[in-house]
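Going by this note's numbering, the sequence shown opens with residue 11, and the numbers climb by one from there.
These are computed hints drawn from the structure, not numbers from a lab.
Careful, some of the hints might be misleading.
[As the list claims (entries may be wrong)] Distance condition first, Cα-Cα at most 25 Å in a straight line; then the derived PhoX-like pairs of lysine-lysine:
id	residue 1	residue 2
1	K39	K28
2	K33	K78
3	K158	K171
4	K158	K122
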Amino acid sequence: MEPRELAAALAQNRDLLKRVEEKSGVDIKNCYQCGKCSAGCPMAFAMDYTPRQIIRLLQLGFIDEALKSRTIWICAHCQACYTRCPREVDLPRLMEALRQEAAQGGLVTDKKVHLFDRAFLSSVERYGRVHEMGLMVQFNLQSGQIFKDVALAPPLFLNGKINPFPTRIKDEGAIRAIFQRVRSRGGDGH
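Given the sequences, and given the hints that come with them, work out the whole structure.
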């Protein structure tokens with residue numbers, strides 16, 4: 011890549027990068043590319059870019075590549091990267107800010123990943139935890155795969171692996187408050 015191309019990419023995407031940094035509270039310049047985040051990421055095997063590579067794309071101004079990546083949707087927000095980072099770069103928060111930007115900009119390349127993310131958060135908001143059966147039903151209906159997992163249901167029911175009825179947490183108000191706080195700060199809550 012020519013230096014002119016790098017400079018042009020940085021200049022063109024400066025405002026978008028600033029918005030992502032403000033949303034996430036992460037200063038990407040703090041990352042010095044040690045790679046501990048990628049080495050400890052349990053989802054790295056399924057990503058098109060490792061967490062370290064996502065940061066590097068942003069540092070170089072290639073924000074569209076980061077926004078179009080599957081990585082931002084595959085991130086499980088397990089905090090392994092953040093825990094290992096010697097510079098305390100909060101990658102899960104950065105990944106969430108990138109998800110929001112991708113969704114708002116219509117840059118979601120795999121619509122099923124986005125549908126699953128929304129169905130997952132919807133389940134957490136409704137019950138305080140994930141109701142697996144409801145999650146899969148909602149996802150399959152929205153993605154047009156209505157009968158995709160039907161054959162799996164009987165053995166899972168018989169072995170007690172899935173419950174047709176959701177269990178709720180005791181303090182549902184606390185979960186509602188979290189989602190309301192996210193929405194009040196500009197997030198969509200899912």
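Each hint tested on the structure:
no. : hint           : in the structure
1   : K39 with K28   : holds (12 Å)
2   : K33 with K78   : holds (18 Å)
3   : K158 with K171 : holds (18 Å)
4   : K158 with K122 : holds (13 Å)
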